[in-house]
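Novice: Work the whole structure out from these sequences, hints included.
Protein chains: 2
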Amino acid sequence: MKRVTMSDVANEANVSKSTVSQYINKRYDYMGEDTKTRIEQAIRQLGYQPNYVARSLKQKKTSTIGVIVANILHSFSTQLIRAIEDFCHEHDFHVIVCNADDDPVKEKKYIDMLRAKQVDGLIVVPTGRNITLYEQMVDETFPLVFVDRVVEGLPVHTLMLDNEKASSLAVEHLIASGYEDIGIITASIVNHLPPRVERINGYKQALLKHGIDVNQSYIKSAEPVYIQSSLKDMLSLSKPPKALVLANDLVLMETLAYIKEENLTIPDDLAIVGIDDVSFASLFNPALTTVAQPAFEMGKKAACILLQLISQSDETEQEYILRFEPTLKHRQST
Amino acid sequence: MKRVTMSDVANEANVSKSTVSQYINKRYDYMGEDTKTRIEQAIRQLGYQPNYVARSLKQKKTSTIGVIVANILHSFSTQLIRAIEDFCHEHDFHVIVCNADDDPVKEKKYIDMLRAKQVDGLIVVPTGRNITLYEQMVDETFPLVFVDRVVEGLPVHTLMLDNEKASSLAVEHLIASGYEDIGIITASIVNHLPPRVERINGYKQALLKHGIDVNQSYIKSAEPVYIQSSLKDMLSLSKPPKALVLANDLVLMETLAYIKEENLTIPDDLAIVGIDDVSFASLFNPALTTVAQPAFEMGKKAACILLQLISQSDETEQEYILRFEPTLKHRQST
DNA sequence: CTGAAAGCGCTTACAG
DNA sequence: CTGAAAGCGCTTACAG
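Taken in order, these protein sequences are the chains called G and X.
Its first residue numbered 1, the first sequence is counted upward by one per residue in my numbering.
Its first residue numbered 1, the second sequence is counted upward by one per residue in my numbering.
Please note that a few of the clues may not be correct.
One copy or any two copies: either way a pair holds, since identical chains are not told apart in the list.
[Stated by the list, open to error] Here are the simulated DSS-like pairs of lysine-lysine, each with C-alpha atoms no more than 27 Å apart in a straight line:
no. : residue 1 : residue 2
1   : Lys242    : Lys209
2   : Lys242    : Lys165
3   : Lys26     : Lys106
4   : Lys300    : Lys36
5   : Lys204    : Lys36
6   : Lys36     : Lys26
7   : Lys242    : Lys26
8   : Lys204    : Lys329
9   : Lys165    : Lys108
10  : Lys300    : Lys109
11  : Lys106    : Lys61
12  : Lys108    : Lys36
13  : Lys108    : Lys239
14  : Lys61     : Lys108
15  : Lys109    : Lys26
16  : Lys165    : Lys329
17  : Lys61     : Lys17
18  : Lys36     : Lys109
19  : Lys108    : Lys26
20  : Lys108    : Lys300
21  : Lys17     : Lys109
22  : Lys209    : Lys165
Worth flagging that the hints you see were computed from the coordinates, not collected in a lab.
Specialist: The following block contains the structure:
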């Protein structure tokens, strides 16, 4: 099974490879009608398919981008990827997806491999712990876009949710609904991931703005497995919070598991609002109040900026940091 | 910003390109110690990164596979992809992900483009409507694995859930719990997608096996937007079903939405069991009984078979169709 | 133990 | 309007 190449087509059609190449690339400007039809026939007859690897080598571009997320199993990542893929497909780009699992070693390995594969650009949810590597890419003006997390001081286009606003929306809604004892639970902040830190800040600011003191024992951050025990601690306080902001989908789900196990009633025993509009929010009993982030919009914009960077268009965004607006979905859990 | 190539390294180290290539590919057999160190230094000094595109062209393999799913937003696809990606990563392969959206035109475009990009193999959830194209790949012995859906009569390795068993598990569980009036709702079967048809068959067989007549008005298939009205029809029957098998996650969610809107009580007004173990199954009130399919296992196996096909290993599975076992997760909705 | 040469399948100035 | 030639950055027999 020998693959048919451009030479075979050229022979069959009695023209040179150059001419076939022109035809393939639709540069018909000076091409004779019969030449065209002869080539077309030869292509059809031989079932010729161009080899993009050869083309990429010559043109020094692959029309492929790499996307490195933390974990494709998170709905935010899935939506991001879908939006990126759709946008790229429209522009005849392909996307290679990788999961770095918040592991800087994996992240570096993927970045190196993708670049060795000559991807034209990279969209990454950065672990934040490969600074030298990021800087190197910046120095080489390699097309790069960060999503969800900033890396301080790096001139890289970065798309983020307005995280402070997300948690303040949640808190202000809770306050407006009459709550004052409001807690927040986030995923672990040992690596200082910006969204988590910012969500805590937004929470504090909203409380202060309404003259409510920040109570440190109402703020917990923990790995998924420890969420439930953190919750237990917080709810065992002599004066436990009456409402909780759950800073992402995973934390929300762990909390829901705990609430179910302990037979608590939402919102009477505990009001909750989650950040991330989980798929089942409106089906749940009671329906869950959430703060949604525009994951599709962010994915589309990330792809759009990256492709502009790749084509060195002048219309590229000026601003390095782009913040996206969260929206409150008021349902029945608050 | 000129990229440094193998020639540059060769010059710097005062050896030939061939020798650098040997070094890069770890063929040290006859290499002098000082040659090695000279090359190593040159590589480090110049920051040389090999160009895989050039290598791929020469070696006629890209260490990349394509994965075409219906829609990455479905949890089954996400889990499948994650498992494939993990397996491939372990074996130094990359994966390009595409969403065909059950559209044969998109499917064909993706397959053509991925092959033009010289992917070494393809894992696809086939739409079933590009028969000629599939046959062509089979003729060329192009490494190919199907997941989730068979295409009749094609000698292609195909991994599927034992769909009949999945729905009979659900039905038998319902019967054992004392139900007799059992309905089933599936996604649209206009395109005769095998899993949907098989799930209906399994449902019928389980009923017959237990001496219960099949009632055609207890069987509905519809597009997502029509699920709720189908449900309404079925539940408005003079003698409506008391229990429902929901044939996938989407149908389940539509049903849950309807149940919530109509203020029905699960399982008293209606018992339900869903196929696909949705993320929130155990959190829900009441916790949802489901039939789970081993998506990760299926993804891993698909990748494993594909890589065997690619390396033309003799250990490749003999059987073309591999069925995976569903498992019943008994919770509180039945 | 190492190098010169050919070639993978294209594209792209340039010549005619 | 079309073709000959060089070259993209590697790998791989083969020679020495």
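Novice: When no copy is specified for lysine 17 and lysine 109, does a C-alpha distance of 27 Å or less occur within a copy, between copies, both, or neither?
Specialist: Result: close only across copies, 25 Å inter versus 39 Å intra.
Novice: Using 27 Å as the alpha carbon limit, work out where lysine 26 and lysine 106 are close: within a copy, between copies, both or neither.
Specialist: between (41 Å within a copy, 22 Å between copies)
Novice: Could you place lysine 36 and lysine 26 in one of the four classes (within, between, both, neither) given a Cα distance threshold of 27 Å?
Specialist: The answer is within: 10 Å in one copy meets 27 Å, while 47 Å across copies does not.
Novice: As a check of your reading, is lysine 108 near lysine 26 (CA-CA no more than 27 Å) within one copy, between copies, both or neither?
Specialist: Only across copies: lysine 108 and lysine 26 sit 21 Å apart there, 39 Å inside one copy, limit 27 Å.
Novice: Between the shortest in-copy and the shortest cross-copy C-alpha distance, which are at most 27 Å for lysine 36 and lysine 109: within, between, both, or neither?
Specialist: between (46 Å within a copy, 23 Å between copies)
Novice: What label fits lysine 204 with lysine 36 when the C-alpha limit is 27 Å: within, between, both, or neither?
Specialist: Neither: 69 Å inside a chain and 58 Å across chains, both beyond 27 Å.
Novice: Quick one: lysine 165 to lysine 329, C-alpha cut-off 27 Å, is that within a copy, between copies, both, or neither?
Specialist: within (14 Å within a copy, 40 Å between copies)
Novice: With identical chains, the pair lysine 165 and lysine 108 could be close in the same copy or across copies; at 27 Å between alpha carbons, which is it: within, between, both, or neither?
Specialist: neither (32 Å within a copy, 44 Å between copies)
Novice: I want to check one pair: lysine 108 and lysine 239. Are their C-alpha atoms no more than 27 Å apart within a copy, between two copies, both, or neither?
Specialist: neither (46 Å within a copy, 62 Å between copies)
Novice: First find the shortest C-alpha distance between lysine 109 and lysine 26 inside one copy, then the shortest across copies, and answer within, between, both or neither for a cut-off of 27 Å.
Specialist: between (38 Å within a copy, 18 Å between copies)
Novice: State whether the alpha carbon distance between lysine 300 and lysine 36 is at most 27 Å within one copy, between copies, both, or neither.
Specialist: Cα proximity of lysine 300 and lysine 36: none, with 38 Å in one copy and 47 Å across.
Novice: Measure nothing new, just compare the shortest in-copy and cross-copy C-alpha distances for lysine 108 and lysine 300 to 27 Å and report within, between, both or neither.
Specialist: For lysine 108 and lysine 300, the Cα distance is within 27 Å both inside one copy (25 Å) and across copies (24 Å).
Going through the hint list in order, the structure does not satisfy hints 4, 5, 7, 9, 13.
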